[in-house]
Amino acid sequence: MTPPPGSLLAAQDLHKAYGATKALDGAEFSIHPGEVVAVMGPSGSGKSTLLHCLAGIVVPDSGSITYDGRELATMSDAQRSALRRNEFGFVFQFGQLVPELTCVENVALPLRLSGTSRKEAERAALTWMERLEVEDVAGQRPGEVSGGQGQRVAVARALVTRPRVIFADEPTGALDSLNGERVMELFTDAARSTNAAVVLVTHEARVAAYSDREIVVRDGKSRDMERAL
Amino acid sequence: MSAGAGVRPWARDLSLGVRFAVTGGREGWVRLVLTAVGVGLGVALLLLATAVPNALAERHRREEARLDHTYSEHVRPKADNTLLIADVDTTFRDKNVLGRLVEPEGPDAPLAPGLTRYPAPGEMVVSPALKRLLDSGDGELLRERLPYRVVGTIGEQGLIGSQELAYYAGTRDLEQHLDGWQVGRITEFGPQERTKETWDPVLLLLVLVMFVVLLTPVAVFIATAVRFGGERRDRRLAALRLVGADSHMTRRIAAGEALASSLLGLVAGAVLFLLGRQIAGQVEVADISVFPGYLDPSPALAALVVVAVPAASVLVTLLALRGVVIEPLGVVRTSKPARRRLWWRLLTPAVGLALLLPMVGQGRDHGNFNQYAVIGGVLLLLAGVTALLPWVVETVVARLGRGPVSWQLAVRRLQLSSGSAARMVNGIAVAVAGAIALQMLFAGVEGGYREDTGLDLNQAEMQIRMSGDVPLDKAAAEFGATRGVREVVPLGQTVVADVHWRTDGGPDTTADLTVGTCAALRTMAKLPSCHDGDVFVATSTSGVSDTDPEQLVAPGRRLYVLDSNDSDRNRDVAWTVPEGLKKAVAIKAPDGWEHDGVLITPGALPTALAGTTVGQIYLSVDESVPDTYDRVRNTAARLDTFSSAQVWTSHRESREFRTIRTGLLVGAVCVLVLIGASLLVSQLEQLRERRRLLSTLVAFGTRRTTLSLSVLWQTAVPIGLGLLLAMTVGLALGAVLLEMTATPVYVDWASALTMTGIGAGVVVAVTLLSLPPLLRLMRPDGLRTE
Amino acid sequence: MSIGHIGHTLLGLLESGPRHGYDLKRAFDEKFGHDRPLHYGQVYSTMSRLLKNGLVEVDAIEAGGGPERKRYAITDAGITDVDRWLATPEKPEPYLQSTLYTKVVLALLTGRNAADILDTQRAEHLRSMRILTDRKRQGDLADQLICDHALFHLEADLRWLELTAARLGKLREAVAR
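Residue numbers (the working numbering), protein chains in the order written: chain A, 1082 to 1310; chain B, 23 to 808; chain C, 60 to 236.
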């Protein structure tokens, strides 16, 4: 099987089992640069596992994942880590900010991990924090800011390396709808402005509405609704 | 709810806390067990410490009870109640063997402790440990040296340790060897005069300091152990607040939980102590072993432990909760804790120093040290470490910054919770500071504990002393035939004087007299030429004689040669210095001295002089041949039962010092391992709580090495600071203690660095041990939302 | 006689002052009529009904005649009516008869793939939601509130779709009985 032409990240026939539970059972996926794709489905359907596989965090039992023409399965752990560091960005539901570091240090962290100097990393971090309208909490620690601000700091952190793919797993799951939508707005705007692809795992239709198209995962199988129509 | 005073709410809430502690599910149990083991180890150590004085006293009593005083100016006459006894201690491998030859001279002869009757000639009774050794294949060489039939064992009363090697062998004709020194005639065992045991002031100081130094970290450790899992407990208390408990109640419930674990810890401690007591009977450290029965904690001290430990755990818990406000929705630490003030932290060690300083220069000649001032001073100085460390860690960590990501992560975490970091290493710091001070004190008091013996190991590695009854050439031949012996230098030695040795006050002028072959003599002096039959007078600028031997030893002069084998030391043989006396220059002999005086070749030795010398045989051996030393000892024993064999080393290290240093090292390592274990537990707990965060960091590509390094920094920075402070305080305390004993201050860098090295080793071990769980926690499973 | 939802709205708009029919239509379209602007005819017929009921009166007629030249003003009875209308809660829409439900049951009865029907519907719903979300992002607060109202309804439908999809097996059994 070959990935759909022009796709940046694509997966075919993914299988992954945790013990007896089949988390993925032949799932497929593809995304183009600049595209926002929602991965939907009931809880326990395998959405998060699909995201983890696509991001190279979890290695599938079988199936192929190609990113930019490269097969993830043949990469070493270090190579996949480097990929995540340099080409991918991540936003999770909660608990992702290092509580000891200030917000700006948190945002600067991925750049620092890739070897950027502290000063430069924090300058870039501040720019992104301004875009996400959280520059005023730069010096505060995550414990001292509101949930919505924290999520926006996390989004800024995901964007700071100008990744080509951003993985977001229920990024608004812990927020009320007003804050959640503000985060989604700023997030998708910023992602579109950098032409980054966004893999958005969510069970909320109103969050999925910020996507260009959606994929439904049910019992480990995926269904691309665009093609279904 | 129950803010009012009274016993009842206390009892209710404490018991509630106890119930929470034991019904907290699996996690609760893990926490309870961890705390109990921690407290238990501490309690066991405390109980052991309370038992040590008893053990030492008991050991001392038994040792004293079996004293056989063979030294006497005048030998008492034989009677119905006399016993002839000879001290024939030997060494097997590295272990001392207590050896006695006994010959009762009448029915009322005193019986040695632990014996029911004396063995007949050719038989012996042995200690259980010696019996085991002789029965095993290992003891074959020793069996050769003890050609007696084993007819019984020595009872516990006659031994000072379970692993002691000892025997009493029956013999006959001991009377002819009576010398009031190695062989004596006694009427009773035990000290000649029972005096009230008075401690040497310096020794008392040592013991006091040792107890304080070893027990302070245990106390610190117990304080840490009752705080295991504190954060989880705080959350539980917050949940209790939500259902209506007031803040007083939650504090009492927390105290109850601490009480439960410390009570369980007491039980665990008692069990560990009993186990340890049995194990203590099996092991031997530096030639010292004890019987389990010795280790009886004195009831008062044990009671103190039983009361103090739970009380302390409750107190520590209440103190720890002081800075915490438990709200129904969570735990709030008083947001900005007041800046740590320096003055009282400095005051603590300063007061400690002030207590000790007045005693500087007191030495051992000015009576006992004020015990309270010593304990107080040392305790305050060590407590100063605990007080200063949080300030030091906070101040230093606040200034740290630049560095790689791993460093940034660690430093930021430390900045946020420098207090808990300091608390974690407090135990180590106190232990190291105390150990360094103690070692310095021991080292100094022992005085030149590693002095140069002056022995020339190029010439010989062993020295055998034996009676002159054994012909030198026979001895030389026998030793030469012993496996592993390379070279034998047989010499006979005695002393000549200008007048009879019987003269009142003894002779004025004396010189050494040495008999030996030309080859043997050449190890002692430069001889121009040598043939059998020559007599030399050797001179030296730094010889052992008090006068110039050339003045005394002049041809034709009549001199008196001491019979060194005579017990009364006043029999002599007249000798006229022959014509044709040659001159020689003394050089450093194998024993490290320049023996000036008379050198005689066997051919020139008059028959009358033959029995006057004592044999001094120097052996050069091949140390690569196993058991050479013991084979040589066997040969020596065969030739002369009363001979002594010594193995030389170029440095002589005081045996006591070595023992104490080993003991201290073992103690310090135990304490440090204990603290390391608690460090590991809190480290793991912390990691578990950050599981999700760790997975996230890995998700966005953080290298595992970065996270591992940050864990290392997180432990290493506070411990490094702690060790630095510990070194400073330890060296200062050591210096003050040395000054108190009026001993020149000598910094024992080797042990200071060893201690800090062990401390650093604990850091590395804790980091290494927390790596596997860390790597496991970094797996993406942590991202899954349950 | 009922004056309907539009009637009450126009009446309410008159409360701020007398207006021409044309003004009324413009004000209505601006604030409420994003999807469906009013026809002049609708305004005319509604206003005449209100006149008949005495809820409005003609304030002035400008030269040139024609209904659109009339200026309407609200009467006291009209104000009372607006009061009453606003205070009366709307009856929640029960949606008990759903076409979608019928389709699903029919599919199950005829052995067609009901899950497909649900998925297709879901895709369609999401498409609408995307359009609304997009409009919301470009619009002002009023736009956002209107779109949110629709979005929440669509979301509710989607939840029903999810729930039904999860219970298709049981539904099949029930239908087959």
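Be careful, since some hints might not be right.
[As the list claims (entries may be wrong)] Some, not all, of what chain A presents toward chain B, calculated at C-beta under 10 Å:
1. HIS1133
2. ALA1136
3. ARG1165
4. PHE1169
5. GLY1170
6. PHE1175
7. GLU1186
8. LEU1194
9. ARG1199
10. GLU1201
11. ARG1204
12. ARG1238
13. ALA1239
14. THR1242
Just so you know, the hints here were simulated from the structure itself, not pulled from any lab data.
Even glycine gets a Cβ: it sits at the ideal position worked out from N, Cα and C.
Structure-based check of each hint:
1. HIS1133: 5 Å, holds
2. ALA1136: 7 Å, holds
3. ARG1165: 4 Å, holds
4. PHE1169: It holds, given that the least Cβ distance between PHE1169 (chain A) and chain B is near 7 Å, below 10 Å.
5. GLY1170: 7 Å, holds
6. PHE1175: For PHE1175 (chain A), the interface hint holds, since the closest Cβ of chain B sits about 8 Å away, which is under 10 Å.
7. GLU1186: 7 Å, holds
8. LEU1194: 6 Å, holds
9. ARG1199: With Cβ-Cβ at 7 Å, under 10 Å, it holds.
10. GLU1201: 14 Å, violated
11. ARG1204: 16 Å, violated
12. ARG1238: With Cβ-Cβ at 8 Å, under 10 Å, it holds.
13. ALA1239: For ALA1239 (chain A), the interface hint holds, since the closest Cβ of chain B sits about 8 Å away, which is under 10 Å.
14. THR1242: 9 Å, holds
Of the hints listed earlier, those the structure fails to meet are numbers 10, 11, in rising order.
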